[in-house]
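Residue numbers (my numbering), protein chains in the order written: chain R, 2 to 794; chain L, 2 to 794.
The hints are simulated quantities; they were obtained by calculation from the structure and are not laboratory data.
Backbone N, C-alpha and C fix where the C-beta goes; we use that ideal spot for every residue, glycine too.
Treat the hints with care, since some could be wrong.
A short, non-exhaustive set of chain R residues, derived as facing chain L with CB atoms under 8 Å [claimed, not checked]: (1) D342; (2) R343; (3) S344.
As a list, the in silico DSS-like pairs of lysine-lysine whose alpha-carbon atoms are at most 27 Å apart [to be verified]: (4) K201(L) with K45(R); (5) K435(L) with K77(R); (6) K182(R) with K52(L); (7) K608(R) with K713(R); (8) K143(L) with K435(R); (9) K45(R) with K182(L); (10) K627(L) with K611(R); (11) K52(R) with K217(L); (12) K490(L) with K473(L); (13) K182(R) with K284(L); (14) K435(L) with K86(R); (15) K611(L) with K627(R); (16) K284(R) with K45(L); (17) K155(L) with K350(R); (18) K676(R) with K611(L); (19) K433(L) with K45(R); (20) K77(L) with K121(L); (21) K182(L) with K155(R); (22) K45(R) with K435(L).
2 protein chains.
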Amino acid sequence: MKYNQYAYVTTPLEKEINELQAIDFLPSNYSNYSLTELFGLLVKQTIAEAKTAESKTAKMIEFAVSETTVLADYLKESHDSINPKAFYNVALQLLGYHVEYDYQLSDPLAFMKKQALPYKEEIGSINELIDAFYRLLNTRSKNGQLLIDVMAGKGYFVPFWGKKQFLFFNGKALPVFDTSKVIREVVYVESDLDTDEDGKSDLIQVTIFRPAGSSKELPVPALYTASPYFGGIIDNVKRNHSVDENLSDATLWSNPQYQAAPIVSANQPRDSDAPASEEAVHKGSYPLNEYLLARGFASVFAGGIGTRGSDGLRITGAPEETESAKEVIEWLHGDRIAYTDRSRTQETKASWCNGNIGMTGRSYLGTLQIAVATTGVAGLKTVVSEAAISSWYDYYREHGLVIAPEACQGEDLDLLAETCQSNLWDAGSAIKVKPKYEAMQKRLLEKSDRITGQYSDFWEARNYRHHTDGIKCSWISVHGLNDWNVKPKNVYKVWQKVKQLPIKHHLFLHQGPHYNMNNLVSIDFTDLMNLWFVHELLEVDNHAEKQWPTVMIQDNLQADKWHEENDWADEIGQKVTYYPTDELDLQKDGNGKAKLSFVDHGGQDFKAAKISESDWQYKFICGDEKWAKPSLRFTTEEYIHPVTIVGRPEIKLRVAGSLPKGQISVALVEIADRKRLTATPKFLMRGGQELGYRFGTDTLQEFVPDKLTHAKLITKGHMNLQNYQDMKKPSKIKADQFVDLDFKLQPTYYQMPVGSKLALIVYSTDQGMTKRPLEDETYTIDLANTELHFYQK
Amino acid sequence: MKYNQYAYVTTPLEKEINELQAIDFLPSNYSNYSLTELFGLLVKQTIAEAKTAESKTAKMIEFAVSETTVLADYLKESHDSINPKAFYNVALQLLGYHVEYDYQLSDPLAFMKKQALPYKEEIGSINELIDAFYRLLNTRSKNGQLLIDVMAGKGYFVPFWGKKQFLFFNGKALPVFDTSKVIREVVYVESDLDTDEDGKSDLIQVTIFRPAGSSKELPVPALYTASPYFGGIIDNVKRNHSVDENLSDATLWSNPQYQAAPIVSANQPRDSDAPASEEAVHKGSYPLNEYLLARGFASVFAGGIGTRGSDGLRITGAPEETESAKEVIEWLHGDRIAYTDRSRTQETKASWCNGNIGMTGRSYLGTLQIAVATTGVAGLKTVVSEAAISSWYDYYREHGLVIAPEACQGEDLDLLAETCQSNLWDAGSAIKVKPKYEAMQKRLLEKSDRITGQYSDFWEARNYRHHTDGIKCSWISVHGLNDWNVKPKNVYKVWQKVKQLPIKHHLFLHQGPHYNMNNLVSIDFTDLMNLWFVHELLEVDNHAEKQWPTVMIQDNLQADKWHEENDWADEIGQKVTYYPTDELDLQKDGNGKAKLSFVDHGGQDFKAAKISESDWQYKFICGDEKWAKPSLRFTTEEYIHPVTIVGRPEIKLRVAGSLPKGQISVALVEIADRKRLTATPKFLMRGGQELGYRFGTDTLQEFVPDKLTHAKLITKGHMNLQNYQDMKKPSKIKADQFVDLDFKLQPTYYQMPVGSKLALIVYSTDQGMTKRPLEDETYTIDLANTELHFYQK
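Model the full structure from these sequences, guided by the hints.
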């Protein structure tokens, strides 16, 4: 498997020498050494766990330079040049590979080629040896980390602890901060909100993990994660709303309005600065933050309104939520007051912060990055938003329908708000907050309007894409192309706006579901983030902005291949149109003329069968006789050339339902019997990555070929028949009335392999996402007025 | 669920006061406080994360004493006595419970009863308040840990770091050692073995994690885990032997002999003592050791011969393996030499060790405890052997048959030895070791004799039970009653010997499979181990030996119920005999007369069906038509009183096979449609237990009621027809010759609930454990000469 590397910065030899000397790896008198001596010395330097010259020397018998010779013996003779085979046999052992089990001593270079590991053809001089070692220390080990980071995990940089300065190597920050003395403290930021309506501004608890030595004299950047889950998660999954109910007439819609919470202005920051007096009991949960904490970046977590230790109510998606998340940055930047405890007596400042803040986090935590970024708050320099929601309507609704995130049938805004209302766990707070909380829950349920599923002013206030003009920070989005929880439309639509702004912007699309990607084999994402944050938050000119293409997309056939694109949009492909035929084919020339029907049974068969939603989906897309019945499906011939579907496929279809209401689902599916990649990455080395020295760990992982399957979902979409005239306003329809629907499916970037077929499936009830009616409805499709457009390359 | 507690030591008030003052919890002038003041103070003391008086006071608003009053307000008034409801409402919040979600403020005591949490009825005086708090600090929190340990996890004992002394509370050691400065070092113990036959004694790499401050002046005990997996695991599962083959004639047996490896005596310890010069790159992997490391116990790991960093060959189960594991204790006790590195130049001593050593670990790691204990090595004071093998024949063979550990079909001694031969990963070592290793592998395969499956001198040398007379240390065994990897016979048979020795001995039997139990809800095992090791290795008179019954057995119906027994043996029950009838009943009065047959198809149907072994087993015991066909099954009436089957059921049966060879399997199964416990404990709070302060974590877990199932395996056993005359020597048999088999099944302690039925199943091929012949064989059972005995209570 290829260990692709984008974060290696090409460096002139002189700078390499300087950097190697700055980390005490290369002795200042290196030119006095013979080539063989220096080779031996540098190997020994790499063995960070051996602490004395004697113990390093004793280790030389554990390495082999060839099938017959150990390194200790090789070093006894003098060599005019170091045989690359000998060098890379040892190098691979240093990188953590096992002879015979991973590679053969007879041909290390063949293995390096296969793994996409860099090597030099010749090592005949001291300078070539130094260059080879510089590159080796900056090469990814078997565990996915750079060798220099593996050495760090064994304590190489402990002698640098306490020197109170950042240290960079190949443009990236090194872990030179004493992780045994990380400062972990809690403060309370005063908000301008009074969401619990007690007449006092809400306090927001903020938890800070910051490097030992960070101070006014050594200010450090902050990585801030706004995590509504940080205070704990109230498990209410058993109380999810029932989805086993009939559709309602969408014209019952009354356009619920967003209603603002009261404002009580906070005190202005003053001059006093007391040290924090409460220690954090939580721990950093996000490996990327921990990795960077060891390298000098503070890690700041706040749950925001309604979460444990904070005042107020959780109002998921609302402007108040954005405000409370943003206010933490204002404190970090020196523009807002915070206190040492909830008595509000002692002010405390983030004087340890250099005023440059980045945001990290996935899902809801990524969502709040988009939210906060749109405020243009001072101090926020960059966001790395993973699997984020850009409009809450696109999370819980679609085209006039209630549409669940994957594996979350019946979940909704009110329940998510309850999940995060963890200040109810503080019994004293609960006494005060409970009645207000209950009223808010009732409002959220009513206004989110599960009855009609329609867009409204309530949802409009939860669409961050209206405010992208406010964004001033640089931008990185990360999303899984198979994320059916936060569906890819969320990242796609915000990307179309962000890419037009005068800010640096990047997009990573991986093959996972609702997942992050900082420890994949196939790309050095963590190293890229190191480079990026050093550039954005420490303002070091390390070329981060030029190191990798704007859009990086992981291939769906080969996990270790990444497509380098300038954009992700329809426009990177050419438009094609497919038509369904009377013979159930899908072809480019000409429609069928028939009107074809299917009878939808809602959720009745599904519930009786007691199978899981994912089982249903797989059987359904495979065309299993029982489950495929309530659908129409049109299939192309086998592809004879590989084609990649890009952007958002669009369906136009004329349909009539036998009731005066109805929902249509459309899926595109790749059909072929073949071994596809695993749905989630396989753990390759559990806990095998050291984030610092005696600190946290992460696990190397990658998508790998899995057992044979028959089909794979590419994309899908859903639409309410009553929105045929206007996506934002329902119309009355009659039973059997034909209406013209026109909607886009979720965006994709999907390579159809040779020999596969594309299937267009038209159906109604989607057991895992739509409501599941209790009544039958017959849907009739007029093929003459039905067509599929998409862009391909 | 009941949080049972055995490790609480009843303590007189005066000692409670002394202990509370020794940990700076109770002020020396406590009698000057009013009752209310002292209540407030002690609550604040408990909130270890708030570091100043002000921040502690600010926290008082987060607690509620009743449905309407917060603690801050309650403390403003003076109370003549503390209302127990108010006290325990606060206490439960301190213990981590959530109001409304876990319990109601209106009735905290009802909840405490349900959870088996201790409480006082009256708190009317200072002394009663102190007593209530002492008990509270020693009460198990929601996360399963004592409240004092939860406080420790928040840094309560940091002020005690560096004081260079142990501190005890309620008989248990407290975490007062600086876990940010754990000393982690590697040394090389010189063995008397030369298993790789290079003419030099093998060096054994030993990894030590020891408390900061441990030294000649502050010697500490050592918990030693002999772990063949510590150096890494060579994944060879794909090369497991095929089990899809016919049985062989067992008389091909040639009684393979154990063959000793060469001896090269090590140097004697001298006077020199250099500090270790190599740092450990591994981490402690066993949470119990980590927990105790924070409390002053060193944690020592060694892989032994053949593992990474060590010389020699892995010879699984052999006396050499025992010797190499034992030699580490000899070094810890001062009786053997070790070096700082593999050059053997600098001697290094375990001068930091007090000479008292305990052993811990599960499976192979538990096995080596039994092995080492039988040597009676000086310094070894106690073993806590979990899920351990006591005879290797009982792991890979049974009654003349090749019988796999669960989920390990085709694995054998040679493959396990390969798995652990991790010094092949040191390329330099591999050059030397590989040829010897290959020869050893060949010998192991031949001598372990997968062809006949018979006992032999080779296996005899791997039966630790022959050497139990040598045991001098105290003994704790832990085993899962559903462990089908290391089957319960291993612990049962060694227990029958150990219980007769003049040593302290205990046995824990839980409801898990191949699992450990140090973080179950239903029992405070970790606290018991703390008490135990303090008693055994620090020689503190804390009553550990009287705190819990000799044998503790978890109930199979209610996970939070533990049976307290004096022994585990047939003798704790009364003997009953059941007979199979012609009508396929199983009853107490009188045999059937018929000769009944079934045709065994070996593994043919199983392989065609492509189902897992565990799926097969469940369908098979349920009597699924297809899978039950090659078996005879006899079933009792429904039990009308609960009965517990104890010890080892015994089957006598007269059987003929249609071939001149054959294997018989017998299972006892409980039949009833009911919700049984999960097979493995459910994780209740992932990482929710702090093992120290900013150290490792563990996860609270417990068996919980799972979905309805139809049947559960109680026990089973297997026997080769050719051993009908002698378990240790095969006989020729003829086709269709009736032979009398008499063998015992795996031991059990299984409560048959009212309404369940007991089924006796006679079959041949056990898809998950026996060989799976390619040929059919008809087995005929003579019911008139078949009976089942067992003991029940």
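Hints, verified against the model:
| no. | hint | in the structure |
| --- | --- | --- |
| 1 | D342 | holds (4 Å) |
| 2 | R343 | holds (5 Å) |
| 3 | S344 | holds (4 Å) |
| 4 | K201(L) with K45(R) | holds (25 Å) |
| 5 | K435(L) with K77(R) | holds (24 Å) |
| 6 | K182(R) with K52(L) | holds (17 Å) |
| 7 | K608(R) with K713(R) | holds (23 Å) |
| 8 | K143(L) with K435(R) | holds (23 Å) |
| 9 | K45(R) with K182(L) | holds (25 Å) |
| 10 | K627(L) with K611(R) | holds (23 Å) |
| 11 | K52(R) with K217(L) | holds (22 Å) |
| 12 | K490(L) with K473(L) | holds (23 Å) |
| 13 | K182(R) with K284(L) | holds (19 Å) |
| 14 | K435(L) with K86(R) | holds (21 Å) |
| 15 | K611(L) with K627(R) | holds (23 Å) |
| 16 | K284(R) with K45(L) | holds (22 Å) |
| 17 | K155(L) with K350(R) | holds (24 Å) |
| 18 | K676(R) with K611(L) | holds (18 Å) |
| 19 | K433(L) with K45(R) | holds (22 Å) |
| 20 | K77(L) with K121(L) | holds (23 Å) |
| 21 | K182(L) with K155(R) | holds (15 Å) |
| 22 | K45(R) with K435(L) | holds (25 Å) |
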